[in-house]
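Student: What follows is each chain in one-letter form.
2 protein chains.
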Amino acid sequence: MTDVKLALDEVHALVVDTLMRCGCDEENAAAVARVITAAERDGCHSHGLMRLAGYAATLKSGKVNGKARPRVEQIAPAVVRVDGDGGFAPLALETGRQPLVDCARKNGIAALALVDIYHFAALWTEIEPLAEAGLCALACTSYKPAVIPAGGKKALYGTNPIAFGWPRKSGNPVVFDQATSVVARGEVMLAAREGHQMAEGVGVDADGNPTTDPNAILEGSLLAFGGHKGSSLAMMVELLAGGLIGESFSFEAARRDNNDGGPPQGGEFILAMDPGMFGDAEGWLDHSELLFEQIAAQEGTRLPGDRRHANRERNTRDGISLSQAVYDKILEL
Amino acid sequence: MTDVKLALDEVHALVVDTLMRCGCDEENAAAVARVITAAERDGCHSHGLMRLAGYAATLKSGKVNGKARPRVEQIAPAVVRVDGDGGFAPLALETGRQPLVDCARKNGIAALALVDIYHFAALWTEIEPLAEAGLCALACTSYKPAVIPAGGKKALYGTNPIAFGWPRKSGNPVVFDQATSVVARGEVMLAAREGHQMAEGVGVDADGNPTTDPNAILEGSLLAFGGHKGSSLAMMVELLAGGLIGESFSFEAARRDNNDGGPPQGGEFILAMDPGMFGDAEGWLDHSELLFEQIAAQEGTRLPGDRRHANRERNTRDGISLSQAVYDKILEL
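Quick note, the sequences are listed as chains A and B, same order.
If you read the first sequence in this note's numbering, its first letter stands for residue 1, the second for the next number, and so on.
If you read the second sequence in this note's numbering, its first letter stands for residue 1, the second for the next number, and so on.
The following block holds chain A by itself, in its conformation from the complex:
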């Protein structure tokens, strides 16, 4: 099969075009295009062009407002809220970013509550700009039930990722972004397509019994990473991105969702802190480098994000390639 080579600005244009044909206005389409292009740029294909069909489906089904006008409101001295107006998350996030940065720089710490959004992107794309602005940041969001609470048999939590970022003296910030499930659902889908088994402890079948068959897991549920500890964290994400900010839990989002293949309506919680206001204004940047040196000094270790940054350099220069079949499918959308 021949591959299609695309420069990153061609990826961006392809996404904008596709979403505008499906009912987005340019502002909303461009915001989504920025996160999809960033994902492709960093080799994070599970959140790249692969997601475009899902975005398109939710526009076509009428679930998502492609012309959303997110509204920012300061609802407490250190809490910023963005009502996403039923649109995709990226524009809501971009709308709330600078108010969050300003709020954190004024108070030392601030939170951003995003409600009425449809979130289908990687969280590291949201954390990185905050860390580049010199802030320590944490984000989490829920989804639809895919993960069973420890000890149980039925999915209740979303894969509920948590992302965290820390600024560096030079170069890219340290950012991790990880699902609270053992593996992401996308990896199971890939295994099913390619016909190989999953490792033990990844998921259970529809009756809650352990299995390594990816198809059975897709009909069943994923397990939280690290047993009850990951399960607790998944619960925490439900509370932060749902209970705290007045948005849906995963099980509520699923009840309302039309299962058009795109994301359900939900919320996101983002925390930002200015380390310069926590007591070590002069030293904190140099100090944290000492920790990163200690990690990097051990053979076999890696700072979170290292792999993405290596991909970024290469893909920014060389562009990305995708199969003709995938490319044709996008053109059909």
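By construction, these hints were calculated from the structure, which means they are not laboratory data.
Mixed in with the good hints there might be a few duds.
Note that identical chains are pooled: a pair holds if it fits in a single copy or bridges any two copies.
What the hints assert, rightly or not - Straight line, CA to CA, 25 Å or less: simulated SDA-like cross-link-like pairs of lysine to any residue: (1) K153 with A254; (2) K154 with E219; (3) K154 with Y327; (4) K153 with R307; (5) K106 with K154; (6) K153 with L290; (7) K67 with E132; (8) K154 with A216.
Following the hints, complete the assembly by docking chain B onto the known chain A.
Tutor: What follows is chain B alone, placed relative to chain A:
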């Protein structure tokens, strides 16, 4: 071996007496006694009277200031800092608690940075009062290197617990408190004493090779829970409880420590949020009960803290029992 029965107020008095004989003033001794008594009350023996010898050792070695006078300072509109004056963590925490609660209620979100403390207690004892005050709270602290970064061979991170709490409409708040290592070091010590093997994946020997021998693990290192995901969280704890607040990373704390058997000097990070200020002031308490109902409805699951609360009821009524040998050792301190 005969057991000694103690009512909870006798546990408290025993700790106060012991610590005052070792050089604490009454205020510091009573604050430590409250967390040790709470641990025994909740059946959390690893953080109960078992720790008293370590507390005593640090007083005797002159490392810890038994007459510490913690100083509170508001260093940013939403950041409270407590300088622990080189004392045990509990009094510093009690000193900072109400300022943190007030700050969170004023701003929606607030952070407490605790520095120059010696932390040897369970974090849930600190989170619970915040959740009882109606706040969502998160705490973390580092220690001395015990956990290897994913892929590496040498311990760099402490067991770095993360605790989180959420208020409930009635009854005890939901609180979890979990090390970012697969198991706590105390469990390995217990296995070594009782002569049984650990499970695979808990730790490595001094050369970084996997082992199930608890003695080899004690000379080696623990692994983070859930592989690289737990390792990322352990790194995050180092950054929050160290880099952010201008306190030591675990590896720095170890370098300075005199290894007297007690905790090293370090810091702690606590976050508090008032859910009533995040956009769902009327509904959040009822709403979160819906999630807890969904969790509890599944056979085999449990809300974090359930086991402790059952112990609490029993031990508050019946007191606790400890072996004559352990009791005699305490009296010797």
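Student: It remains to establish, for every hint, whether it holds in the given structure.
Tutor: Verification of the supplied hints:
1. In the homo-oligomer, the alpha carbons of K153 and A254 lie at most 25 Å apart inside one protomer (18 Å), although the nearest pairing across protomers, at 43 Å, exceeds that limit.
2. Taking the shortest Cα distances, K154 and E219 sit within 25 Å of each other inside one copy (11 Å), while across copies they are farther apart (40 Å).
3. In this homomeric assembly, K154 and Y327 never come within 25 Å of each other (Cα to Cα): the closest approach is 37 Å inside a single copy and 46 Å across copies.
4. For a Cα distance limit of 25 Å, the shortest separation of K153 from R307 across copies, 20 Å, qualifies, whereas the shortest one inside one copy, 35 Å, does not.
5. In the homo-oligomer, the alpha carbons of K106 and K154 never lie at most 25 Å apart, since the shortest distance is 44 Å inside one protomer and 40 Å across protomers.
6. Taking CA atoms no more than 25 Å apart as the test, K153 paired with L290 passes between copies only; the shortest distance there is 18 Å, against 44 Å inside one copy.
7. Taking identical chains as interchangeable, the C-alpha atoms of K67 and E132 are never at most 25 Å apart, the minima being 29 Å within one chain and 43 Å between chains.
8. When the C-alpha separation of K154 and A216 is checked against a cutoff of 25 Å, the pair qualifies only within one copy, where the shortest distance is 14 Å, while the shortest distance between copies is 39 Å.
Taken one by one, the earlier hints fail for this structure at numbers 3, 5 and 7, listed in ascending order.
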